[in-house]
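Q: Single-letter residue listing:
2 protein chains.
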Amino acid sequence: MPHLDPYFKQVDSLQDAFIERLREAVAIPSISSEDARRPDVVKMGHWLAGQIKALGGTVELRELGKQPGREHLDLPPCILGRYGNDPNKVNVLLYGHYDVQPAQKSDGWATDPFTLHIDEKDRMYGRGSTDDKGPVLGWLNAIEAHQKAGVDVPVNLLMCFEGMEENGSEGLDDTIRAEKDKFFKDTDVICISDNYWLGTEKPCLTYGVRGCNYYSVEISGPGQDLHSGVYGGTTHEPMTDLVRVMNSFVDPDGKILIKGIDELVAPITAQEDALYGPIAFTMQDLHESLGSTVSIHETKEEALKHKMRYPSLSLHGIEGAFYTPGAKTVIPAKVIGKFSIRTVPNMEIDEVTKLVEKHVNDEFAKLKSKNTMKFHIVHCGKWWVEDFNHPNYTAAAKAVERVYGVKPDMTREGGSIPVTLTFQEELKKNVLLLPMGSSTDAAHSINEKLDKRNYIEGTKLLGAYLHYVAGELKK
Amino acid sequence: MPHLDPYFKQVDSLQDAFIERLREAVAIPSISSEDARRPDVVKMGHWLAGQIKALGGTVELRELGKQPGREHLDLPPCILGRYGNDPNKVNVLLYGHYDVQPAQKSDGWATDPFTLHIDEKDRMYGRGSTDDKGPVLGWLNAIEAHQKAGVDVPVNLLMCFEGMEENGSEGLDDTIRAEKDKFFKDTDVICISDNYWLGTEKPCLTYGVRGCNYYSVEISGPGQDLHSGVYGGTTHEPMTDLVRVMNSFVDPDGKILIKGIDELVAPITAQEDALYGPIAFTMQDLHESLGSTVSIHETKEEALKHKMRYPSLSLHGIEGAFYTPGAKTVIPAKVIGKFSIRTVPNMEIDEVTKLVEKHVNDEFAKLKSKNTMKFHIVHCGKWWVEDFNHPNYTAAAKAVERVYGVKPDMTREGGSIPVTLTFQEELKKNVLLLPMGSSTDAAHSINEKLDKRNYIEGTKLLGAYLHYVAGELKK
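From first to last, the protein sequence lines are chains A and B. To convert, take the position in the first sequence, counting from 1, and add 155; that gives the numbering used here. To convert, take the position in the second sequence, counting from 1, and add 155; that gives the numbering used here.
Please keep in mind that the hints were generated in silico from the structure rather than gathered at the bench. Check before you lean on any hint, since a few could be wrong.
If several chains are the same, the list does not tell them apart, and a pair holds so long as it fits within one copy or across any two.
[Said to hold, decoys possible] Taking lysine-lysine and the BS3-like style, the derived pairs with C-alpha atoms no more than 27 Å apart in a straight line are:
| id | residue 1 | residue 2 |
| --- | --- | --- |
| 1 | Lys483 | Lys414 |
| 2 | Lys529 | Lys483 |
| 3 | Lys584 | Lys410 |
| 4 | Lys525 | Lys483 |
| 5 | Lys198 | Lys260 |
Given the structure is predicted, the values throughout are model-derived calculations rather than measurements.
Use the sequences and the hints to build the structure in full.
A: Listed below in structure tokens is the structure:
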């Protein structure tokens, strides 16, 4: 058993400095999906590179050029960092992202989203606190605590931190492919901390994620927005058509109505079925994280399966229509409906897209509208599943037991983390998801937070994992 | 036939002075919906009162107090003007407004919106040129030309010019009710010049406007926005429910699907049916104003009926869902769908609301969703129709023929002009809409303009109308 106590003690001593590090990171509004914030994403990348270098690591910034299709925008750099270069050590590749989801106070945040706010329960609120700045900084914290504790980091760390994760990871796959025989060549295992526990008390290891096929349907008609009093009744209205098309995708119980989708889903085996019972999760946990009792299913097992291993379809919103409070008597001239399907084995991206596109075309044709419809693929990422009997997982399970005193739940994530799949396919090495945050962290929502406990004990966990994985994979 | 030539000649002679009058008015940015411009609205009211007094009229400024719900703002005064007080003359009440829609050069105006700009085609560009400063000044121009021609103004003029028309006509209805047995007591007929011809060549008289019942449906479920990857499939999604409810309102051909609505619509009579054929309007005109050929109907007559005398239902948008460009994998926690019905005789506001509310409740109940639905009435304004066989209309038709050499189109407006109804209901006198501007004037849009011809010939028309109405209503 690795001697970790000096390291753990040092993490505890440094916690205020670690929180300041997170505060600095949260203060940079690195929203990758907003044009005006792109310079902040770049700024955040340079800040992060500076942090790695300050700890004695080396950094190569891979500039990814212009954003395809949006050439007025530079892509933020992909940070390729290295800490340690000992040929006798195992090489662990870390992935994380330094960009964040959009956020503004007026969305309903209790405090400014880009000012870290710590409440009386030690919840640290701020955009990116848990997704994914906290976990990324966890790795840096671990290095620092090792240094200050005088404990050798037992592996070589390779780092791949991107700035476009919340906007389709544009440019990342190309970088991984380009570097697979170069920067990433000696990778032995991959560890990613960018997901969440199922609850708030028990850590988990995650061996699968759903994919995400994100689409939009654009319907246009009039040459410009029209006054509904003057023109209502004379013109085909794009909103009417769009609502009709969007209505055909899913029923209120979440059943996907697009023909052929269900047939693609791999049947559940008895062995897999048995995994869900032991998971530390209750319907009350679900209701707490929903903030409501509006769950579709009645049992924990059903809810977990629909979260982890069945597909779902969500309608996200409509661009181009009236969206502010109050009343506007407008007939919007062009509206774009956004929706996505969470995919699972064995739904292949293109197969799903073909079914969706045919469905959209058929539904629009039924309307016999003079408006024009365009179907767009916004982004698609495939699902991923991993072998959880690999030493990478055994090491992580031991680290969890050491830090938290419990065996981790073995879970799949509902949300997609497409890079898992790219790493798996390109590097052909085992990929582990080792989350830091808890189910109540509200990633992508208002009032995103990371509990101080998760940040600090999570830093211990990430460091401990490095020791166990060095042991399991001893060269 | 009234002897009008000296008057007409004087209007022609004074046209430069009339344009200067409009230039002065346009230069005052009396935007009623912008707090910072409120003093300019008040200034504009005093300028207009000064103009009336300079012509020998009398003015009472009705101060309306603070703006309800926005008590830091004073309402601009309602101008009650009078020109002539001869008990042997007919009393014609004029209504207009001296406030304007917002405008700034950066919205896309070719020239400064508050500097009257006359181009080589004698189009006079400026905010308020056609809506409604030009028409209001048309009445003053008519008085001045009478004076300079030595022709007696054949009626007493009562004037009601308000400064909040573009911001809900706050305070106006109360003023009309308060003054109906006082200032407005002797009103014989009412004339309003605040709408537009259907095209660019042929004047019209307008005898009806549609009403507007504006509603919203609010559906909420989860306690906060959720990540669709993490929660998709586990929760009832408000967007799914809302799209389903909104889908049930109207079909792509504009047919309202809410049970009982159609039955409220007054059947079209043979006499009314015959009105639409002669109207100078083509499908090409409609397509030009739509900026597209996405019209629902194939004939001019059907298109006009659906614009003027049948109800319509428009879906305006959704508040609370994702609305910006790009992709966001969000399950919105609370979404509010906005829609409105343009109403026509004999659809009573409350009757329509009852049907809509029942429909919404029934449709939501069908979903068997655990989400919560609330139905809201946002605002409702009733339709108005007038008896166009009244001497008020006969007089106006004769004036049009005299000035323009054509019989006017008899039209109804699709959009609402609530003051028509208030005057009709409170004063119980015939109300006529006698527009000055044409369909291309772009009221409420960028590059609003009034053609010089419409302003000058329109001034002749307003003056001629006074003579004909005096004749038709001879006491």
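Q: Would you mind marking each hint as holding or not holding in the structure?
A: Quick rundown of the hints versus the structure:
1. Lys483 <-> Lys414: Classified as between; 25 Å across copies, 37 Å inside a copy.
2. Lys529 <-> Lys483: Both ways: Lys529 and Lys483 sit 26 Å apart in one copy and 19 Å across, limit 27 Å.
3. Lys584 <-> Lys410: neither (35 Å within a copy, 59 Å between copies)
4. Lys525 <-> Lys483: within (24 Å within a copy, 29 Å between copies)
5. Lys198 <-> Lys260: within (22 Å within a copy, 34 Å between copies)
When held up to the earlier numbered hints, the structure conflicts with hint 3 and nothing else.
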